[in-house]
Amino acid sequence: MVKGKWAVTVLVIAAGLLAAFSLFPGEEKKVKKQFSSLAHYASKDEEEKILAMARKMKNLESLFAESCEVTAPPYSLAGSFSPADLVNLIARTRLNFSHLVLTFHDLSVSFPNRETAEVVLTGEVRGKSSRGAPVQEVREIACLLKKHEGEWLFSKWATVEVLKR
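When we follow the working numbering, the leftmost residue of the sequence shown carries the number 1010, and every step to the right adds one.
To be clear, the hints were calculated from the coordinates, so they are not data collected in a lab. Heads up, a few of these hints could be off.
[As the list claims (entries may be wrong)] Listed below are the simulated DSBU-like cross-link pairs for lysine-lysine, each with C-alpha atoms no more than 35 angstroms apart in a straight line:
hint	residue 1	residue 2
1	Lys1041	Lys1155
2	Lys1165	Lys1067
3	Lys1155	Lys1065
4	Lys1065	Lys1042
5	Lys1165	Lys1041
6	Lys1065	Lys1156
7	Lys1058	Lys1039
[As the list claims (entries may be wrong)] The following label-pair restraints were derived from C-beta to C-beta distances:
hint	residue 1	residue 2	range
8	Ser1085	Gly1159	33 to 39 angstroms
9	Ala1048	Ser1138	16 to 22 angstroms
10	Lys1058	Thr1125	34 to 40 angstroms
11	Glu1149	Thr1018	40 to 46 angstroms
The structure presented is a predicted model; accordingly, all values stated were derived computationally and were not measured. Here a beta-carbon is modelled for each residue, glycine too, at the ideal position from N, C-alpha and C.
Based on the provided sequences and hints, a complete structural model is requested.
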């Protein structure tokens, strides 16, 4: 009888752990996919046509919450922006480049609760300015994503100052 109780207890604990690990790794994968989508939509090929750009900007808008707080001191950018405002900023920034590749590395995802994901990562921009100068910039970034109707949406985006001179 005692062995049966232990077996049931172990099975219940194993089922609980399995459920927890199946929930959060799946959610972590969804969060990381949002960063992959953001990188794809924000990047620009030299031969990109205007219709391709318009499609990317439309898709980009769907990645942000109704209000997204952005703090980027190196660019004198701070405030709360709507998805349309953010897409306009990104579109104007893309105009300064003939080629632009945005990548994210070292994503560290944590879930304070089921509806919130905190992500710390390294973002890298490489490309060529519209004047032909090479561009490469690396920043540490802290993001907050909130779950809305089953989708993870960016609600906070902040560059982290690593070293100050």
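These are the hints, each one checked on the structure:
1. Lys1041 / Lys1155: holds (13 angstroms)
2. Lys1165 / Lys1067: holds (20 angstroms)
3. Lys1155 / Lys1065: OK: Lys1155 and Lys1065 at ~22 angstroms, within 35 angstroms.
4. Lys1065 / Lys1042: Holds. Lys1065 to Lys1042 sits at ~16 angstroms (cutoff 35 angstroms).
5. Lys1165 / Lys1041: holds (15 angstroms)
6. Lys1065 / Lys1156: holds (22 angstroms)
7. Lys1058 / Lys1039: Status holds; Cα separation ~29 angstroms.
8. Ser1085 / Gly1159: 33 to 39 angstroms: holds (35 angstroms)
9. Ala1048 / Ser1138: 16 to 22 angstroms: Because 19 angstroms falls inside the window, the suggested range holds.
10. Lys1058 / Thr1125: 34 to 40 angstroms: holds (38 angstroms)
11. Glu1149 / Thr1018: 40 to 46 angstroms: Given a distance of about 44 angstroms, which is inside 40 to 46 angstroms, the answer is holds.
This entry satisfies every hint, going by the numbered hints stated previously.
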